[in-house]
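Colleague: Assemble chain B onto chain A, guided by the hints.
Protein sequence lines, in the order shown, are assigned to chains A and B. The first sequence begins at 1 in my numbering and counts up one residue at a time. The second sequence begins at 1 in my numbering and counts up one residue at a time.
There is no bait here: all hints are sound.
Calculated cross-link-like contacts (lysine-lysine; reagent style DSSO-like; alpha-carbon spacing at most 27 Å): (1) B:K365 - A:K10; (2) B:K269 - B:K454; (3) B:K220 - B:K274; (4) A:K85 - B:K379; (5) B:K367 - A:K10; (6) A:K10 - B:K401; (7) A:K45 - A:K72; (8) B:K379 - A:K10; (9) A:K93 - B:K379.
Because the hints were derived from the structure by calculation, they are not lab data.
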Amino acid sequence: MKILLIDDSKTMRNIQRAVLSQLGHTDVHEACDGQDALSKVGALKPDLILVDWNMPNMDGLTFVKSFRQTNKATPMIMVTTEAEKSRVIEAIKAGVNNYVVKPFTPDLLSQRISETLSRLQTQQQHA
Amino acid sequence: MSGSQDATPFQVMVSADRMTATLSLAPGQAREAFDPGVIELALDERGVSRSSDRSARIAEAIAAYDPTGQEPSAFVVVQGRPPRHAVDGRFELDAALAHHEPPDDARVASEKATVDHHQRSRLMIVKAGQVVGVVHAPQPGEDGVDVTGKNLAAKQGRPSVVNFDPSVKVGSDGVVRAERPGVVEFDEHRLAINSKLELPGYVDFSTGNVDFPGDVLVRKGVRDCFELIVGGELEIGDLVESAVVRVGGSALLHRGMAGREKSSISVGKDLTGKFFDGVTIDAGRDLIVGKEISHCHVRVGRRMRCEHATVVGGSVIVAHGAELNQIGSDGRVATEIVLGRIAELEKLVSELVAIRPAIEDRVAKLKDRLEQLQRATVKLTAQQAEELTELQFELATTEGKIKPIDQAVWQALCRIGRHTEASLTVQRVVHCGVKVWIGKYCAEPRADVKGPLKIWLSEAGEPMLTALSSGTSQPLSTICKLTPESRYLDLAALRERFAA
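Excised from the complex, chain A in its bound form (with noise of 0.2 Å):
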């Protein structure tokens, strides 16, 4: 399974490189702001995407609306600082699947990821 890491910070993303290691995903990429992201998006076509929000260039929020114009169906998780009700409303809306808040312990990323997963094999299966 692929997965692409969307954060600027290099060391947010070796956790999260970290923990998906844990789970048994070894083909992990990364970008570092949403330009990034969707100048590798096309080519890398990933099966799972982890994004921060608050990033240069381009945010991750419109980097999620920018790609669910042409892809509904690969699942994102929200990996950020923004705890606001509000703001987890505006990310769903937007067409992200799960949503995890910073601080996060290893096990409720894992869990989040986990849970993700296993919501796409189950509406797969179903389709």
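Modeller: For chain B alone, kept in the frame of chain A given last:
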């Protein structure tokens, strides 16, 4: 050489082997006296076959003739071609083996290009798959022809007469490879790889150091400063001097080893010998000695079965019980016997136990810092949120290291428990000056203790002594000074700590 006897100014001579036809021109003649046609006829009469070359050579001879010469001039006008006989097929040993070059990593390389003569060996030892040599196919010959045009047949080539044993394989390209590791046995009739090496004499300068993957039999002994490395089993007929011996399997020394404290022997399985003096010994399984172990440092992976032998001086660490005849001497030579220990496993346990506090300390610091951050701020900045996430990640990772360490320690302790037994049986006497390390204690006899006796550890961890003649038992402390010691791990305490 036969020649014509008539009065012509020339003679035609054919050699006895009919390989040359020579024209001899008499001296003092004019060149015109020599008629090429007549010469040709004379050659024809002698049976020499015609060719344009022959005519040209006659003309050359006449042109080269010196009329003023005093002696006859001889010119070879027809030359036969000898047959080129075929070359028989043959086996050629690989150059490196033939020159007995030691392997690259065994050569002593230095700027001064010094050579370690111990490495020079006449033994051709090969690994499985190694090239041993090449079979050269017979090379065909070519017939010759004499001056009369008669065919001279060339000899036919014969294939190689070497018989290749199934232990070597001849490829379609003629390359011969060893099918198994061993020593090359080669003479003009046979090539084989013997997986057992038998040395009729000593391991010395005639053999060089020996490094053999299979079984080795040394009929005599091993000289000073040589190395004998054996992958299989080893048997040595005579004395092993101050050498280094390493054996993958078991070793049987019909005499013993006089190491003068400069030598070592390590054996994967059982080691048997009559005596060992000044040797570092490592027996993976049992050590069986007939007579004496003196001033040696010994490690035994299983049992010490030396019920007729004396141990004097040095130290012995034995995992699973020792049976000896006598320990120490009248002269109170310091001798140590350590019972029920597996040094390598205990070292591993020590190291694991030692790193644990550092990890626990780090975990405590991370928890403190996390709590500080969580208490100090109501609303986190993005940077603080990231720092918290990072701390939580590091905490999870660091805490996660403790469990595998505990499991590894527990497994090692269980293995030590299963494979060790602190027991010592002595038939004759334990002299003063001996120290016996058993359980948490070091026991030193206050006086010579006569056997037959058995020293063992009760379930409660108390050292006990049983007089085997009467069967009575008493605490070892009644006849020995018992000192609690921390030189070795307190395995009982560790088991209690890590059992949870």
